[in-house]
Every structure is written in structure tokens, then in C-alpha cells.
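Protein chains in written order, with our numbering: chain F, 1 to 193; chain C, 1 to 307; chain A, 1 to 675.
It is worth saying that the hints were derived from the structure and are not from the lab.
Any given hint could turn out to be false.
[To be verified] As a list, the in silico DMTMM-like pairs of lysine to aspartate or glutamate whose alpha-carbon atoms are at most 25 Å apart:
1) C:285 - C:149
2) A:492 - F:63
3) A:354 - C:205
This one's a predicted model, so the numbers in the text were calculated from it and none came from an experiment.
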Amino acid sequence: MGEVEKVFTSGLAEKLSEDKIITEDDLDPEFAAEIIRYGGKDVMTCLQCGNCTGVCPISLKIEYKTRTTIKYCQFGMRKQTLETRWVCATCYRCYEHCPADLNPAELMIALRHIAIREGIIPPFVKVAATNLLQYGMTVRPDEAMIKERVKMGLPVLPQTKPGWEEVKKQIVTIIQTTKYDRLLGIAPKEGSE
Amino acid sequence: MTYAYFFGCVIPSRYPGVEYAVRWVMGPSGLKLDVQDVPEFSCCPVPGIFYSTDRDTWLALAARNLCLAQRGRLEVVTVCNGCYSSLLKATEYLSEPKKMGQVNKVLGKVGMKYTGIPEKSGDSGRRIFRPVSVRHFVDVIHTDNVMLELANNVKRSLSKVRVAVHYGCHYLRPTEYTAIDDPNDPVKVDDIVKVLGAESIDYEDKLSCCGAGGGVRSHVVELANSLCEDKFKNISSEGADVIVTPCPFCLLQFDNAQKTFTKRGIPVIHIAQLMAIAMGADISKLGLELHNVSCNPLLAKIGEGAK
Amino acid sequence: MTSPESKKPEEKIGVFICHCGTNIGGVVNCEKVAENISKLPGVVVSKDVKYACSDLGQEDIRKAIRENGVNRVVVASCSPRLHEFTFKKCVEGAGLNPYFMHMVNLREQCSWVHMKEPEKATQKAEDLVKMGVDRSRLLTPLTPREVSVEKSCLVIGGGISGIQAALDIGDKGFKTYLVEKEPSIGGHMAQLDKTFPTGDCAICILAPKMVEVARNPNIEILAYSEVVDIEGYVGNFKVKIRRKPRYVIEDKCVGCGVCAEKCPVKVPNEFDCGFGTRRAIYVPFPQAVPLKYTIDKEHCLHFKTGKCQLCVKACVNQAIDHKQEPIDIELNVGTIIVATGFDTYVPIRKGVYKYWEYKNVITALELERLINAAGPTGGHLVRPSDGVEPKRIAFIQCVGSRNIKLQHKYCSRVCCMYAIKNAQIISEHTPDSEIAIYYNDVRAFGKGFEELYHRVREDYGVEFIRGRPAKLTRDPLTENITIRAEETLLAKITEREFDLVVLSVGLIPAAGTSPIQKMLSLPVSDDGFLQESHPKLRPVETAIEGVFICGCVQSPKDIPDSVAQAKGAASAASTMMIKGKHIVEPLCASVTNELCVGCGLCTEVCPYKAIELKEVDGLTKAVVTEALCHGCGTCAASCPQHAISQLQFTDDQILSELTAALGSTNGAKDSAGGG
Numbered sequence: 001m002g003e004v005e006k007v008f009t010s011g012l013a014e015k016l017s018e019d020k021i022i023t024e025d026d027l028d029p030e031f032a033a034e035i036i037r038y039g040g041k042d043v044m045t046c047l048q049c050g051n052c053t054g055v056c057p058i059s060l061k062i063e064y065k066t067r068t069t070i071k072y073c074q075f076g077m078r079k080q081t082l083e084t085r086w087v088c089a090t091c092y093r094c095y096e097h098c099p100a101d102l103n104p105a106e107l108m109i110a111l112r113h114i115a116i117r118e119g120i121i122p123p124f125v126k127v128a129a130t131n132l133l134q135y136g137m138t139v140r141p142d143e144a145m146i147k148e149r150v151k152m153g154l155p156v157l158p159q160t161k162p163g164w165e166e167v168k169k170q171i172v173t174i175i176q177t178t179k180y181d182r183l184l185g186i187a188p189k190e191g192s193e
Numbered sequence: 001m002t003y004a005y006f007f008g009c010v011i012p013s014r015y016p017g018v019e020y021a022v023r024w025v026m027g028p029s030g031l032k033l034d035v036q037d038v039p040e041f042s043c044c045p046v047p048g049i050f051y052s053t054d055r056d057t058w059l060a061l062a063a064r065n066l067c068l069a070q071r072g073r074l075e076v077v078t079v080c081n082g083c084y085s086s087l088l089k090a091t092e093y094l095s096e097p098k099k100m101g102q103v104n105k106v107l108g109k110v111g112m113k114y115t116g117i118p119e120k121s122g123d124s125g126r127r128i129f130r131p132v133s134v135r136h137f138v139d140v141i142h143t144d145n146v147m148l149e150l151a152n153n154v155k156r157s158l159s160k161v162r163v164a165v166h167y168g169c170h171y172l173r174p175t176e177y178t179a180i181d182d183p184n185d186p187v188k189v190d191d192i193v194k195v196l197g198a199e200s201i202d203y204e205d206k207l208s209c210c211g212a213g214g215g216v217r218s219h220v221v222e223l224a225n226s227l228c229e230d231k232f233k234n235i236s237s238e239g240a241d242v243i244v245t246p247c248p249f250c251l252l253q254f255d256n257a258q259k260t261f262t263k264r265g266i267p268v269i270h271i272a273q274l275m276a277i278a279m280g281a282d283i284s285k286l287g288l289e290l291h292n293v294s295c296n297p298l299l300a301k302i303g304e305g306a307k
Numbered sequence: 001m002t003s004p005e006s007k008k009p010e011e012k013i014g015v016f017i018c019h020c021g022t023n024i025g026g027v028v029n030c031e032k033v034a035e036n037i038s039k040l041p042g043v044v045v046s047k048d049v050k051y052a053c054s055d056l057g058q059e060d061i062r063k064a065i066r067e068n069g070v071n072r073v074v075v076a077s078c079s080p081r082l083h084e085f086t087f088k089k090c091v092e093g094a095g096l097n098p099y100f101m102h103m104v105n106l107r108e109q110c111s112w113v114h115m116k117e118p119e120k121a122t123q124k125a126e127d128l129v130k131m132g133v134d135r136s137r138l139l140t141p142l143t144p145r146e147v148s149v150e151k152s153c154l155v156i157g158g159g160i161s162g163i164q165a166a167l168d169i170g171d172k173g174f175k176t177y178l179v180e181k182e183p184s185i186g187g188h189m190a191q192l193d194k195t196f197p198t199g200d201c202a203i204c205i206l207a208p209k210m211v212e213v214a215r216n217p218n219i220e221i222l223a224y225s226e227v228v229d230i231e232g233y234v235g236n237f238k239v240k241i242r243r244k245p246r247y248v249i250e251d252k253c254v255g256c257g258v259c260a261e262k263c264p265v266k267v268p269n270e271f272d273c274g275f276g277t278r279r280a281i282y283v284p285f286p287q288a289v290p291l292k293y294t295i296d297k298e299h300c301l302h303f304k305t306g307k308c309q310l311c312v313k314a315c316v317n318q319a320i321d322h323k324q325e326p327i328d329i330e331l332n333v334g335t336i337i338v339a340t341g342f343d344t345y346v347p348i349r350k351g352v353y354k355y356w357e358y359k360n361v362i363t364a365l366e367l368e369r370l371i372n373a374a375g376p377t378g379g380h381l382v383r384p385s386d387g388v389e390p391k392r393i394a395f396i397q398c399v400g401s402r403n404i405k406l407q408h409k410y411c412s413r414v415c416c417m418y419a420i421k422n423a424q425i426i427s428e429h430t431p432d433s434e435i436a437i438y439y440n441d442v443r444a445f446g447k448g449f450e451e452l453y454h455r456v457r458e459d460y461g462v463e464f465i466r467g468r469p470a471k472l473t474r475d476p477l478t479e480n481i482t483i484r485a486e487e488t489l490l491a492k493i494t495e496r497e498f499d500l501v502v503l504s505v506g507l508i509p510a511a512g513t514s515p516i517q518k519m520l521s522l523p524v525s526d527d528g529f530l531q532e533s534h535p536k537l538r539p540v541e542t543a544i545e546g547v548f549i550c551g552c553v554q555s556p557k558d559i560p561d562s563v564a565q566a567k568g569a570a571s572a573a574s575t576m577m578i579k580g581k582h583i584v585e586p587l588c589a590s591v592t593n594e595l596c597v598g599c600g601l602c603t604e605v606c607p608y609k610a611i612e613l614k615e616v617d618g619l620t621k622a623v624v625t626e627a628l629c630h631g632c633g634t635c636a637a638s639c640p641q642h643a644i645s646q647l648q649f650t651d652d653q654i655l656s657e658l659t660a661a662l663g664s665t666n667g668a669k670d671s672a673g674g675g
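Generate coordinates for the entire structure from the input sequences, incorporating the hints supplied.
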């Protein structure tokens, strides 16, 4: 059977559902204001011209479309923005080309802020933040690389010197003051100084 | 103005060869610029994680780094687009007194305070505070006298080398903050490549993203690799010998992504490494054998043989 | 005018508190206010009225003046912007100088903003009226001045707006000068092919008007000339105009064109947007008015090398004169109409649309020349890269308009319709063409516009794609352009290939407007176009009296609207000239010569060049040109000697209001118990 035929004769692919209509209960009227609080600009001025999607390298590859996300934000459709929150590469091309002077990349960052505060935290964020608490850097120093550095005659990595404890203490203090550790649910590992 | 090296996280721990190259190029063996180390510099902090999740934390950590530069009255020189964008954006945020006050409350807990670098203003002799200056390595090199010095110090011929320059997103955009180059028509890295004697080729979509930034490489690596593949196709169709970039994260991306879609990768190096090669540095110290995509074809072309 | 310090006859103040229906009366207790005010010294009449502006209300005021000897009137009602003129006329009608009438705003500044607090509003109303009463004691009688108005008009700009304005004024019998910087009048309209929505050929309807202008005995065309200086004020403008040398004697040239045939120099033709060529001696287009040839000094061989006299030898009337010099003339005119028009937006280099980089990306004005039968290709649309007729054509809308990043926030109004009409013209000419218009919104608002929009979709199958193109790429072999855009109505990113891409560029203020704007101190709107007095009610007047604007210099618009506005400006200018005189409001700055030391600070801050240093009895003093003075008070505020006072807003008058507001009235007991 041909492909088209198969579709026609195999019956309905989707489940019947009355949920397809979006009513006010699905919408969050304060969403646009929340986004402004977290650094996005006023999404209501977006004219939906589609320029941002056209220049976005991510929109080219997956279902995600920048403009549609902004529309969801305008409308207050919180749930539908969930899956888009961590795919933006912040290349800022959308901002460069937007005629209404909006910044969709900053909007994605505002959405990330909101996601984190709802408890949706991708694992790599926790790893990097924990590294920062533990080592003072988000990338762990590698034994092999330390040897390479000696071969090249480079100065010893500051992280491996005793003075680094002070730096780590400062970073931990800062993170605790801004309550970032509580936000992400991380702590410096037991046994670290 | 004395500069302060800001290497960030990726270079010292993953591509130390770039650190060697930068030190060699800026130091006494190279351009003899006045540069210092600040051992207390920490992660900038990386924008893809901290700026994305909590702006206040990001700003406090960045301001801490800026305070260290302020203490020594130094101008920060970054060799990474991400660090550049993070620190520069922080200076913009801190130029607002209210924000500065909020950050200083946090910094007060570690005994620091960001004010900017005090100096006497011209006629009145009044003391004013100039924001800490953050500059990209490329911008520091691309000044008239330094370029001249560079031109006079080329020791190795790169005459047949075809270089594909990848600027990277945070060098070019957002133009609200970065203003080093025209976002539609950047020239600085191309100029440096030309002064070193190599040929900077033009390729389709030169200014598009490598795919690594914003946490994409960490979160959805297939998507990142797919973007990188597009770039690779455009570059290889023009027949490049090497990809040169001013950002170590783009470097990491090109270096690691190519094996997922091609067997014959194009070597990728940092602009500082290219400068070091051209200016006659010891190639064995540039860490090229640590790169995942072999740099041997490039070295062969410039007559330095396989390692 | 009497000085404020001299002894005045005893003031008899009449106060009228207006209810304005329930607008004021519904919040403020007008009877109570009137009663309390009646206790103030000098107040002989204090009453509340339902509608002060009505005939009854006005009669009340007049009666008070006639029967109670009231010689200062305070009307406490709405904003002066509405009825100040009414009450002034009312007071004048009863024989009192209108400048003895003072208005207090109890509506916009009291009842309307304090609707929920009637007691406090009433108290505030009383305070406001008290302030007004105290100020009225210090008012001085002022006499408006009359200036004569020359019965002649200068129209700057010879496009369709300038032409229409000149025709209207000339027909009324006034001497009109039409100045145009190009060698011929006609403006951009002469470059267009057919116009929307009817498809009229632009030059076919324009040329008869141009000829009419030339024939009208009252209109003098000064083509190839520029305004270099304007001095004076309403009714009496002194204009200096530089007539640029054509190097052709206008009286001798008959426009035969033999000189151009012989000229060896070929130059890209500006009129054809660089597509065709013209000679160094040329007329911009065949229907030029005046039909006189002009030599382009920059490219003429004779000026470059001293040799080549081919045109001189060819001309049977010996009309060529390479030695011509510019001539400056001075004109005295009563009114000025600025109609300097628009330029089209030029896309940036290396931008998204690659206008400078790709040959087959052109602007809409360039397209007009290519499809125009009198254009460089005889009306056959061909691609710039290979001269082949394009079948697949894309229009990109909103280029240089509606874009905050480019600082052109406004909509250029004509681009949607001209793209639609061009799509129709091309479809008619090439029936198998495939046309796509990439739009953000389609604005088809005028008479016949929506019908044309419908027609291009129904009869010609033009495709409308909602989406803003994000990327243009070129095939190096065929020079075809691929447009990538998100088609927002499909929510999909698509790529389509076209043979030709036309950018629907927006309109920007013409380059020649800026020097005129500076000479006349004309205000400019946020969008860069010249600003009208009032956006709704005074669209052709400007802040400078006697100067009017019309056409695209005021804001982008199409031909019907330009013509209508030109007629409006002509009518406004004519009204002034018919009367032959103009009343100048006496609310201007007044210099006390004894105090003035001639420092000149006031001359530096005046935005209207209305105050100058002149010799008065052998000493340098500041002198105000009352017809230019707008009464803004900047000079008065800047004078370190306090030698300048702003009439009707003197320091004493304003301070008296402050004193009343803060609780102490001139010596009398304060019945309201503190302000």
C-alpha cells in the first residue's frame, strides 16, 4: 500500500479530545508581567513578523519557533513554553533583526529564570554550579592537563595553590548570600574546606 | 594601562596551549605588552548557566572579578567571547547606581565594594569613577601600533594557509553591549589573519552560531552538533586548512563535534595560537596535540612537519 | 501699554464660576465658591453660572461690565484652549480690553482629576479662583498689532504638492514663486509608472499640470534654484534665492535637443535611478518644465579639459554659455509654503536584503523606472544581472519602515499599495509571472484600495506571504535570489527562489528639507518630518505664522492626499493674503531699555530669532520683533538684569498667584482660613 493510502485507510491517528480548545483556565494573565520582572522586555509589543524565527539557527532544526514562543508568552500559555526553555543558544541574532526592538534571547533567559523557580532544573546546571562551589571554577581541573601545563612551563593553576581557599570561601559566601544554593538545591560537598 | 589576563575556565583546564600562546604573544617574547596575572580571578561566571538562572548571582560573581581588577587599577583582557560578554555586560549593569548598590550589599559580605577606578577628571581635578574596562584580546591586538609590531614580527610564512575565521556570537552581538566590530561585517580577526600572512577565506553564513552557547551543548548536544555540521559544510566547501576563532568554547565545539559527522575534520585553533605560530614560538608548547581534530595537516602545510 | 507700577483706577472684579453642566458642578460646590469669593476685596460681582460659554452666560458677563462697572473679569471654567477666544471676544464686545479677562481652569485641573473628593475639590477650586482674582488685579490692557501681508507667496519645492499649491494660489490672483532645485519641476511623481488605485499613468496626469503652471501669468518658476536665506516675519519675508547656472541661456534655448545628440559624455541617469545614461548636457525627462537644457559641470569635458565645444557649435540659437555665474535674487513675499517632499530609504550595506551586494535586488523606485514605458528599457521589465525577463518576482514590504532599530518607527503609508499596483502592472505585462508579496500587515485603507487588493489576488493570483524575510542568498551561476522566511501563518520556515526581488522601501524626509527647516526654525516631529500646528485640526499650519507645509514633507502620503493637503495649504496662505493684514498677538517679550545692558544673552537663547541687538539712541539694546515672538519667555528668564518681561506673564503677575495660593491675599482677611 502506498504511504498516502496507508494514512487514509488506517483511521484517525489522534485521540478525540475536547481539550483542544484553549480556554481562560489554561492561561496565566500575569505571565507577560512576570517576564518583564525577570528581564525580558514587554512581549506585548511583538508584531509577530517572524523575522526572529527566520534568523534563528535553532528554529531551523527543530519544531521550536522563536515567534511562537513569544506568542505563547503574549497569550499567557505557560505550559506550552516549558519545552522551549533550554534550547536557545543566545546567539542574539533575533535581537539584531527585530524591528520592534525586542530581545527574544533575553526572553528565553527570563523563561529559564521562571523555570528554575518552578523547580525545573536541568542536571548540567546543577553540576556546573556545584563545581563552582567546590572548586571555584565551573570546569574541574584535570590531572592530565595539570601535567601538560608543567610541560609547557605554564604557571601553576591558581586553583591548586593554597591561596585559593580564600577565593572559594568568597564564592561560597556570595552564593549563599544570594540564596543561589537554595534555589538550585546544591551545597558544597562534605569534606571540602 | 596595565592589562590583567583573564583566562576563564576552559582554557587553563582543557586547552592550556592557548594560555601558553596568549602569554607568549603578549609577553616579553612577543608584543611586549604590560600584562599581569590576577590569581584570584574565578569563573567569569559562565553566562549560559548563571546569567540564565539568576541574574543577581551572576552579577555578584562578575562584580567580584571586576573588584579584583579595580583594586589593581587594571584593564581586563579576556580571551574568550563568553567571558567578554559576561564581564562587559556586568560593567553595563553596574553603571546604574541602584544596581551597584544592590551588588555592593552582597559584596560587602566578602569585604569588597565595586566603585569603578578613581581618577582625576581633566580640568576640575574632581575625582570621578571610571567603570572597570573589559576588553577582548582581539580588540587589544587590533590597534595601530600593535598591528604594526605584529607585522614586523612574523617569522614563519603562512602564505598558502587558507583560514576560515569563525567570530562567534558573543563577539558580534548583542550590539547593545559589544561594540568591537560591525555585526554585519566584522573585520578585526580577518585583519589579524591577513597581517600574519595567511589568507582569510569567505564562506556562506560566516556569522552564524557554532551551536555551543547558552547551554545548548550541555543540554541537547545533538542540536549543537547539527548546527556545527552546517558550519562545517560551508567551510569545507571553500576548502579551508584551519578554522580560527577568538573563543575557546567555539574551539571546544568545533574540536569535539566534528567527529560526529565527518572522518576528515578541519583543525581548529585559537587566534592566539595562530599568532604564536606565525611569530615563531615553539610549536610543541602550543598544545596542538591535545586538540581532538589533528592539527598535523596544518603543520605540514606550513612546513613544520608531523609531530 | 501702561506699566504695571503706575496708578490704576480702582479695580472692580467680576468673577464667574461655571458649572459646565455637571462637569464642574457635579464635584465642586460652585455656589459656595462664588459666595466665598464675593468676600474678597475688589470683587463686585461673584456668581455661579450653568454654562459660561453659552449666549446666556456671556450676556451675564457683558451685563456685569455694563451695569456694575466691572473692569476685570475672571472666568473660572474649562481650559483656555477651548473658550479663551470666546470670552475675550465677549469682553471686548462690552467695551473692555480683552486682556483684562483671565481664565481659571476648574475642570481639567480640578473637578475632572478629583472626582472622588468633592470637599477637597471645592477647597482647591476656591484657592484657584483666589489666585486668579489676585492676578487679575495686575493685568494690563494690551493692544494687538497689525502687520501688513504682502500679496505674494513663495512655494518651496516643485513636486505635485508644490505644483498644486502654486496653481491654487496663482489662480486666486496672487503672485507666486515656485522654487525647485532640480532642472525641472515634477518631483518624484514624474518618475512613477502608473499610480494606484486606478492605474493612471503618472506623467500623463502630471504633465498637463506642469504646463498649466508654466502658462499661469501669476506663477514664476525658478527651476534649478535654491533658497539660501530667509529673514523677516509673517507677511514680510525677505528671501534670497540662488539661481544655479545651467550654462545655457534660458531665453535662447528652445529645447530642441541637438546639443545632447552631439555631446560625447555619457553619465548614469539619476532620473532613471542609474539604469540608463544621459549626456553631460541634458533635460531630466522629455516633458520637463521648463524645457531648457542644463550642463552638468562635474562631467562636462569643457570644464574638465578646456576643449570640446561640440554643443556650442551645434546650437543654432547660440544658447550655450560656459561662462555663466550663479545669480542671487531677493524676493519679498507674504507667505511661504514648504513642499520639499521625500526621498526613498536606502538600505544599509551588508544588511539582510543585500541590496548593494546582489544585482537582482532592487528598490521600488528602480522598479518604477524599469516598468515605465519612457524608462531605460522601454517598459520591459528585465533583470539587472542579465537583461532577461524575470518570471518569479518577490516584493519585500516594510523595508526601512516600522523599524525601531533603524529609528524609522513610522509606517510609510504608500508601500503596501504601490507593491500591489506594481504586482498588477507586471502581471498584466507578463501573464505567466509568479509574484509573491512578503508582508507584515496589508494596509489598504483608502478609496479603491481594498478593491485593488482583492483584484490582484482574484484576477492575477498574486500570493501574499505573511513573514519578514530573514535571509537572502544568491545562486552564483543564475543570480537567482533565494528568500528564507518564517511563513508565520504556516509556522514553518520556507525557502523560495525568485528571479527578481523588489524592496518596498519607505519614505524619509527629503535631504533638501533640512536647510529650509533651519532657516525658518520650523519644529520637527519625532519621525523627522516637519511638524504641523495641530495633528487633527491644523494639518497645514506650522508654529511659524505665515509658513505652511503640505505633501510628504509633513508625513508620507499618496498623491490624492498630497493634492488635498496642497489645496489646504494654498487656502490657508490665501486667507492671510486676501485680508492683506495679520493680527499679531501682543503676548510677547518686552524689553525695558533703561535696564538692558546689551549683553546679548537673550539673543542666544531665543528659538525663533525674534530678539536682536540693535542700536537704540546710540546704545546697544535688545529689540524684540513682535511678529516673530512666540511669547515663550525664555529670554525673560535668561536676562541677568531682569530687563525683559513676558507680557501677561510678568514676574509680579505670577508671584501674585503664588502669594494667594500660599495663604495671604493682598492685605485682606483670609476667609477660607489658610491656603
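Against the structure, the hints:
Only pairs whose Cα atoms come within 25 Å are accepted, and residue 285 of chain C paired with residue 149 of chain C is accepted, the gap being roughly 23 Å. Simply put, residue 492 of chain A and residue 63 of chain F have alpha-carbon atoms about 9 Å apart, close enough for the 25 Å limit, and the pair holds. Restraint check for residue 354 of chain A and residue 205 of chain C: satisfied, since their Cα atoms lie roughly 13 Å apart, inside the 25 Å limit.
In terms of the numbered hints stated before, the structure departs from none.
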